[in-house]
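Full structure from sequences and hints, please.
Residue numbers (this note's numbering), protein chains in the order written: chain A, 33 to 386; chain B, 33 to 386.
Honestly, I wouldn't trust all of these hints.
The list treats identical chains as interchangeable, and a pair is accepted whether it falls inside one copy or across any two copies.
Said to hold, decoys possible - In silico DSS-like links for lysine-lysine, alpha-carbon gap of 25 Å or less:
#, residue 1, residue 2
1, 332, 295
2, 148, 179
3, 203, 315
4, 303, 199
5, 295, 199
What the hints contain is simulated information worked out from the structure, not anything from laboratory work.
Protein chains: 2
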Amino acid sequence: MKKLNLAIVGYGGMGSYHGNNYLRENAKFEISGIFDIDASRYAAARENGIENYDRFHSKEEIAADASTDAVLIATPNDSHLEYVTFFAQAGKHIICEKPVALSSAEYAQMLEVCDKNKVVLMVHQNRRWDPDFLTVKKMYDKNALGKFCRIESRVQGANGIPGDWRKFEEKGGGMMLDWGVHLIDQMVYMLPELPESVYCRYFYGAGFEVDDGFRLEMNYNGGLSVEIAVDTNCFIPLPRWTVYGADGTAVIEDWALNGGIVKPVYSKDIKIAGIQAGNGFTKTMAYRTAESVVKSELDKVSPEPNAFYNEFYDVVVDHKEPLIRSSEVMNVMKIMEAAKRSAKENQVITIARH
Amino acid sequence: MKKLNLAIVGYGGMGSYHGNNYLRENAKFEISGIFDIDASRYAAARENGIENYDRFHSKEEIAADASTDAVLIATPNDSHLEYVTFFAQAGKHIICEKPVALSSAEYAQMLEVCDKNKVVLMVHQNRRWDPDFLTVKKMYDKNALGKFCRIESRVQGANGIPGDWRKFEEKGGGMMLDWGVHLIDQMVYMLPELPESVYCRYFYGAGFEVDDGFRLEMNYNGGLSVEIAVDTNCFIPLPRWTVYGADGTAVIEDWALNGGIVKPVYSKDIKIAGIQAGNGFTKTMAYRTAESVVKSELDKVSPEPNAFYNEFYDVVVDHKEPLIRSSEVMNVMKIMEAAKRSAKENQVITIARH
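Below you can see the structure in the form of structure tokens.
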């Protein structure tokens with residue numbers, strides 16, 4: 033079996049995570065070396081057991097190394113275009129961290145140069161292999177809740193936004209580009225169509241120039257709506273997912289896939305009794321009794337942890353059709369641009385059809 | 033002590049509930065009789081122990097009864113204007129079920145006729161005395177979470193929308209008018225300003241001509257946002273309230289006021305460790321450890337259950353300044369109109385300042 037030799041460009045938090053958690057575990061890959069503008073990261077690479085930690089000290093040295101087949105670009109977001117362009121022209125296949133670019137125009141440039149140089153550009157949309165997401169996707173694909181009416185996809189943190197370049201707009205900081213890109217990508221991948229329109233509110237509670245959270249509402253043809261919610265100052269998180277189907281509701285509480293499905297039982301024998309609720313009475317909002325619902329377990333999906341790198345290998349070596357299509361990545365970029373414009377102008381933005 | 037003699041106009045689900053649960057318990061009131069266009073409701077009134085159940089068989093008989101001081105109007109929403117106008121002209125003080133009117137223009141007519149005839153018109157915005165709401169309001173008033181950044185107020189039912197007139201638009205059906213009116217009223221009452229703009233999506237999953245649920249986003253000056261969420265086909269409800277403050281998060285799960293407050297502890301000794309989350313790594317979204325948060329109980333408020341009727345008595349008999357101001361009720365009507373227009377046009381609607 034051919035091994036892919038891959039150099040890590042940008043050996044920070046994410047670059048070292050890729051090395052330690054995926055590349056080291058995957059027999060199809062060798063790390064040919066690293067490059068970082070911060071000299072102290074070479075010691076970190078050595079500590080992490082990277083054999084060739086000291087091999088490259090410039091991007092040009094990687095480009096000139098014939099044994100290096102591919103690069104992982106895990107640098108700040110505003111430098112992706114420069115590195116993708118450079119390594120594509122050097123004939124290296126590329127994995128690029130998300131967001132791949134700061135704009136759809138930048139991404140179009142990247143696609144052009146990669147196409148021209150016949151190299152693979154795969155964006156690290158690894159959260160297509162999140163077990164929670166795939167569990168939702170399976171419900172959708174199998175129509176397990178009837179027609180999906182609404183999806184609420186939330187990631188609510190309690191640690192503020194990271195203190196590094198992720199606080200600055202020109203660097204591509206902010207939570208839309210950090211987490212929104214994943215959560216939107218999941219919907220672009222799962223759903224057959226793009227939203228017709230979006231409405232987005234950015235939050236600036238922490239007082240930085242970038243969004244420290246947001247709510248994005250995506251409206252689809254046929255009545256489906258999707259809310260994407262991201263927070264960084266939330267100490268009692270809501271469930272990761274709530275899915276409202278015509279025939280039932282599913283909740284996934286957390287990354288550990290706690291949760292379940294509840295569906296109603298309709299029968300003449302089951303009467304709805306009104307309840308005292310607050311200072312008033314309600315039948316509409318009365319809780320259902322135990323005998324008027326059926327609870328079931330989530331049909332959990334457990335993807336291969338190294339699926340992303342296996343996919344990259346198959347696309348590069350075996351010319352597999354990529355799962356992460358460039359048209360999808362482009363649509364994610366366009367939805368994020370629409371969301372940003374919506375937040376800035378406080379307007380609903382229509383998504384152009386392609 | 034003077035007793036108020038009150039006739040119940042519309043002895044359906046809500047009218048009989050008022051009689052059984054509030055008027056019967058309140059020594060300041062006597063039920064002078066009922067009126068319903070459905071003759072079978074007189075038997076229900078007798079069964080419920082209303083002494084004068086058979087006294088009135090037309091609205092004119094109530095108007096002509098000098099001993100009747102006031103009426104409760106609990107008829108379908110599209111008949112409120114007719115009854116309010118009629119009884120105001122007859123000099124009766126009025127409690128009217130919510131929504132008081134189908135439009136702000138209708139409500140303006142009501143105010144004019146009540147003002148001219150010097151009668152009190154009090155809208156049954158009883159959910160200003162909901163314990164859950166007052167518990168949130170107390171946190172707001174006491175600044176218990178620091179600056180409020182976002183409020184999510186939800187009522188998620190599992191019983192569909194009621195099968196009677198509430199399914200029809202011309203009758204004033206739909207969940208915005210049924211529950212939205214309460215949840216918006218709570219915010220109009222609690223917050224010092226109106227939202228600057230609103231965005232609303234109506235849901236039609238049940239296939240009726242009226243909304244069977246909705247999401248309303250209200251944007252306030254200074255960055256506060258409020259989401260109001262109502263569903264009628266949800267089998268795993270989210271918490272009744274999530275309040276995101278600058279200094280902590282509060283959750284009220286349900287009508288029983290389960291929930292609590294969690295605030296962060298910031299200290300150099302507390303390090304945030306990244307976690308494996310799905311197919312990736314995150315420090316931003318890592319859960320906080322037990323020692324990095326402080327949990328506390330909700331400071332629960334327990335209002336007098338009969339507060340609404342006591343308020344009506346005080347306003348009518350003692351000329352107390354009303355807690356439920358007509359300007360507030362008018363603002364609720366205007367926000368609902370803006371929400372409806374927003375949902376229909378899929379546009380953000382600016383709220384006019386007064």
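Structure-based check of each hint:
1. 332 <-> 295: This pair counts as within: shortest intra-copy Cα distance 17 Å, inter-copy 33 Å.
2. 148 <-> 179: neither (43 Å within a copy, 53 Å between copies)
3. 203 <-> 315: between (52 Å within a copy, 19 Å between copies)
4. 303 <-> 199: between (54 Å within a copy, 20 Å between copies)
5. 295 <-> 199: Result: close only across copies, 23 Å inter versus 43 Å intra.
In summary, the one numbered hint that this structure violates is 2.
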